[in-house]
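Protein chains: 10
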Amino acid sequence: MDRATVTEKIIAAKVKDGLRWADVAQQMGLSKEYATAALLGQMKLTADQAAVAKRVFGLDDEETAWLQIVPYKGSLPTAVPTDPLIYRWYELVNVYGLTIKELIGEEFGDGIMSAIDFSMDITREPHANGDRVHVVMSGKFLPYKSY
Amino acid sequence: MDRATVTEKIIAAKVKDGLRWADVAQQMGLSKEYATAALLGQMKLTADQAAVAKRVFGLDDEETAWLQIVPYKGSLPTAVPTDPLIYRWYELVNVYGLTIKELIGEEFGDGIMSAIDFSMDITREPHANGDRVHVVMSGKFLPYKSY
Amino acid sequence: MDRATVTEKIIAAKVKDGLRWADVAQQMGLSKEYATAALLGQMKLTADQAAVAKRVFGLDDEETAWLQIVPYKGSLPTAVPTDPLIYRWYELVNVYGLTIKELIGEEFGDGIMSAIDFSMDITREPHANGDRVHVVMSGKFLPYKSY
Amino acid sequence: MDRATVTEKIIAAKVKDGLRWADVAQQMGLSKEYATAALLGQMKLTADQAAVAKRVFGLDDEETAWLQIVPYKGSLPTAVPTDPLIYRWYELVNVYGLTIKELIGEEFGDGIMSAIDFSMDITREPHANGDRVHVVMSGKFLPYKSY
Amino acid sequence: MDRATVTEKIIAAKVKDGLRWADVAQQMGLSKEYATAALLGQMKLTADQAAVAKRVFGLDDEETAWLQIVPYKGSLPTAVPTDPLIYRWYELVNVYGLTIKELIGEEFGDGIMSAIDFSMDITREPHANGDRVHVVMSGKFLPYKSY
Amino acid sequence: MDRATVTEKIIAAKVKDGLRWADVAQQMGLSKEYATAALLGQMKLTADQAAVAKRVFGLDDEETAWLQIVPYKGSLPTAVPTDPLIYRWYELVNVYGLTIKELIGEEFGDGIMSAIDFSMDITREPHANGDRVHVVMSGKFLPYKSY
Amino acid sequence: MDRATVTEKIIAAKVKDGLRWADVAQQMGLSKEYATAALLGQMKLTADQAAVAKRVFGLDDEETAWLQIVPYKGSLPTAVPTDPLIYRWYELVNVYGLTIKELIGEEFGDGIMSAIDFSMDITREPHANGDRVHVVMSGKFLPYKSY
Amino acid sequence: MDRATVTEKIIAAKVKDGLRWADVAQQMGLSKEYATAALLGQMKLTADQAAVAKRVFGLDDEETAWLQIVPYKGSLPTAVPTDPLIYRWYELVNVYGLTIKELIGEEFGDGIMSAIDFSMDITREPHANGDRVHVVMSGKFLPYKSY
Amino acid sequence: MDRATVTEKIIAAKVKDGLRWADVAQQMGLSKEYATAALLGQMKLTADQAAVAKRVFGLDDEETAWLQIVPYKGSLPTAVPTDPLIYRWYELVNVYGLTIKELIGEEFGDGIMSAIDFSMDITREPHANGDRVHVVMSGKFLPYKSY
Amino acid sequence: MDRATVTEKIIAAKVKDGLRWADVAQQMGLSKEYATAALLGQMKLTADQAAVAKRVFGLDDEETAWLQIVPYKGSLPTAVPTDPLIYRWYELVNVYGLTIKELIGEEFGDGIMSAIDFSMDITREPHANGDRVHVVMSGKFLPYKSY
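Protein chains in written order, with the numbering used here: chain G, 1 to 147; chain Y, 1001 to 1147; chain D, 2001 to 2147; chain S, 3001 to 3147; chain Z, 4001 to 4147; chain U, 5001 to 5147; chain E, 6001 to 6147; chain A, 7001 to 7147; chain R, 8001 to 8147; chain W, 9001 to 9147.
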């Protein structure tokens, strides 16, 4: 057994039982973004959060233990994602990559936007011409300091 | 001469004269994100917007014409970016990729968040523990329809 | 169980029973292009369409549930396809890629032809020197708008 | 001097003088698809067609000779195209690749749709919800024959 | 079950029973090149040819059905083959690639040598300094035609 | 100056003066295959053969010296060739790779067909349904010997 | 002119004049690690530090301006470095990668060792059997926090 | 059974029983870095050390024998690691690669820092602004000698 | 069953029973280099040699038959090997590649050192500063001949 | 100016003046292997050795200084070499890679054969069936030691 097996079982249970990530997240007291990432093997859960997952997805003790372990991260099977929805995000990084770097550099100086001290919120933005996906990301700016 | 030559000249002028993208964008009547992307060769400008660039960066007529052409997009020299700031964004797509797909799928059904009918706003979010980079993205949801 | 297992089972049933995609599509009330893509794990089906698949391919309830889930798309095992029929299409994109970009750009301006709001129809075109494959594709033009 | 240099000169002339591929194609007596591909270094021109290009783009004799040579084909700088418009076509091949193979196989048997005995026509398809890109492709079916 | 499973079974039976491709091909009334390619999952067989394979390799009905299906082609596990015998062929394409293109172009004009309307014959060529592998390949020339 | 510069100059002279590889080869007393490969930087020439090239292509002494040097071989810009004519050869290696290995192994035992002690002859094969490219290759079989 | 040109000029001046990175760093009031990285185009310098570089390496004003710009980072020409000294470091990451992850995870929990809030010190460690390279790295631990 | 199977079993036992690498290492009389690398299949153990592992992780005799075999090293599934913690180390090599080479070269001459005659120590460095990961690496300098 | 399965079984038997390649080779009347390569699936054995392997490793008849088959060669899981011992050999090819080519070319003319008509002997070379690995390789020079 | 420019100049001078690496090496008091590698930019020379190169190849002072700098190593343009002579060496590493690892492991234990404390000698081995390339390599064995 490894973490991938547990992830597969969680997804299969979700499909079979028609569960919703957002509902599970709520029961865990987590945002839907963090909870889903954790259940997909990208973040670790606390014992209490894992207990919710155990109940909801019908996991056994060993599987539940895996949810509390620091996982090897990376959720995509290829370096350039083939799935159109995920590719669009890759495309944004590719098309806007230098732009983002220039603008953060202009505002903050040399450094990065943290992908660790980070949160994300994805919501529906109603719009007359068709609803939009609204994403808010917040990452701490970490400056390079000379030494 | 090609588009890359013009981009290089624009950047060199910016470095030499200590210009700011945000200032140039304002003169063009554009967001700093769109304007910077355009000046870096990812978007096209209108004749009026190009005229601002011409003046600011000291371009000649032929160079200015290139700014109004549909460019071949893609701003990164490698498929996986090496620059740490840009890599963090790639990492977010990699770590959160399936999560994003699952949550958009759960809320909207099968489809994508458009990277074309799209806007982005990057701002400074003051914070006691260190300021944060705040990003808002809005992309139209485009559903797959059966036929 | 995952989506790939279901796809494999569908294909095996088709081979064993000598079924035709076009016939199954008709029973589903879908074009053969959309139906085949869906059965191969690239599109999702409605409950009614999945029920047809269940009956035709002898699937169980859990397998049928997988057909109604948003799938992770991408049907090829390598970035450059090795199969000659599919490679020819890749080759068209490679040889005509810039041409397509230039001509759509000339007619519509900067933007893309949607691969989401899209349909395709593949038919036999009788011809004295050997029949031809006739393909009609229709994708909504999506313009980049400045902001 | 090589073919790439001539292509670059043609594109630069087009940008500078505001020419349209469709107009040049008409003067050559060719479809806009074939003519553009040829001018971008993917097809060869006859002496007469090259003479038109010479006049329109201001080429010298040596450059004009290059237009009549069989070129090394392939118009994209990377195996997976980064430009969003061209990527969408790559995506179609990726998402629909197996579907296309299955349907052509079902209708014609084992073989390919030729990318050589081939033509393509790209036009604007007016539509109330936004105009569409309409593409017709016709390629001879070439069967594998046993021997 | 998929085509790869059947191929594996065929090879295992061949190893176990000490069969020869050339003998099987003869029983099928096919060249050894086509028959071997088909048995290795690269070409399809007719019902009669598949019946021979069924008997020789001890296949069941379902496995025999797979032999009559259009297969996804491509027999090598890596884009650049590691096996020395196959690599030498890759090397020939690499070293002589432009030469072949130039000479076919010089003789025939712009187009390709078909890999579909194609046959190959591999024989032993006795030679005092060591026998040679003699290969004859014949592929229809397919010209690009302007349109 | 390096070998690539000389190759480029040879090709440019050929285009400008409308030369034919086959004619130059004849003047050198070489097959068109070997001569073209050599002129394209894949084989070395003797002093006499290089003298012919010097005269025909208008090379100077230093350029002529480069033709007599052992070159770094490999004529293709990418591992998988994008040019359709050359790709078809790559495809043959991919589709028929295992078949070729099996048949040579069956006839000769473990070893390779030499790509060094090798010759190739490409000719036109007239045919009622369209002329064919006829290729004869002959490579010494080199057996692995145990030690 | 771009940053790479300036880097090249700095290295050429260093080779020509026999300068030492450690000496230049001292004049800048920086560690040799930070200063060298900056001079090689990986970090930015302050105006004062750049003024030292200007004097030492004989740069002009425009070149000096480039040293104060946030650079696009990444100093290696290939994803897997070919240089043996640098490869050994890549090898350490490859061989010890999971070990490092497990041990940091065991001590700190889920998170990373920052490569931004980071310093490195490389010194000579005298040793009877041959001196050793002694490296001390210190990076802030950044924990993933749930949200 | 192969080494990967044993590694997987060790990790699974650790997760199930909540073991700590540091504790197991202590029982083996090894540093936590060497012991963890060995248990993850990157180093070999002596019979005594393997006996500890046998007891702690509940291995059988055959599994224990595998721990004493020279393993095929390399612990990462991709050339560029996707896991953020490990990527930061890759990033350090990428960003500081040339710097490290220059500084070791300046101090020691041409050669490498050994990754074989090497040790590493990872500890917690308490810090008011957040604890840091403190890493000490020591590798023998190996000079290239002329011959 | 395929060749990889047999290789895996041989290695597992060797680990379990503490066998030595050199001893098995001696029983086969082969050099340790050839025998080991064969047992690892890179060379084929004669019936007599395979019979030794059968006895030593406890193989059944079918597994023994696989040892006498021409194998698909290539023993490394990645194009650039990650194992440090094997990587050093790759590094030698990379660092000394052009040197080897130049020196063989200078001594022999254009051609290759055969990797087929080849033998290798690896021995221990005692040395006061630490024993050395002594490797002797002998490969027939195969000249390119013009035709 | 960088090291590659100097290498290019050295090779061009060698071609133009018909020099031999072996002769230059002798004048430098070095083996032909080390000297050639150094002149091709893979090793550094002492001042005296560089002075020989200066005289022989007609270098100026700055170019001569570059020969005494620690170079960034790696002499091949692609990870898998396309040149047949060099590829054969790559093939040997690929085919015999695991064999080499097993045999060195069996004789010496876990460790590597150094590519730094290393020498190589390439000579002609006369043979009735055609002369052979005889290669002797000697690399210090470096053991992994536990810590």
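What the hints contain is simulated information worked out from the structure, not anything from laboratory work. The structure presented is a predicted model; accordingly, all values stated were derived computationally and were not measured. Treat the hints with caution; some may be incorrect.
Stated by the list, open to error - Straight line, CA to CA, 30 Å or less: simulated BS3-like cross-link-like pairs of lysine-lysine:
| no. | chain 1 | residue 1 | chain 2 | residue 2 |
| --- | --- | --- | --- | --- |
| 1 | W | Lys9044 | A | Lys7145 |
| 2 | D | Lys2145 | Y | Lys1145 |
| 3 | U | Lys5044 | U | Lys5009 |
| 4 | S | Lys3009 | Z | Lys4145 |
| 5 | Y | Lys1014 | S | Lys3014 |
| 6 | G | Lys145 | E | Lys6014 |
| 7 | U | Lys5014 | S | Lys3054 |
Status of each hint after checking the structure:
1. W/Lys9044 to A/Lys7145: 10 Å, holds
2. D/Lys2145 to Y/Lys1145: 24 Å, holds
3. U/Lys5044 to U/Lys5009: 16 Å, holds
4. S/Lys3009 to Z/Lys4145: 25 Å, holds
5. Y/Lys1014 to S/Lys3014: 28 Å, holds
6. G/Lys145 to E/Lys6014: With a Cα-Cα distance of about 25 Å, the restraint between G/Lys145 and E/Lys6014 holds, given a limit of 30 Å.
7. U/Lys5014 to S/Lys3054: 20 Å, holds
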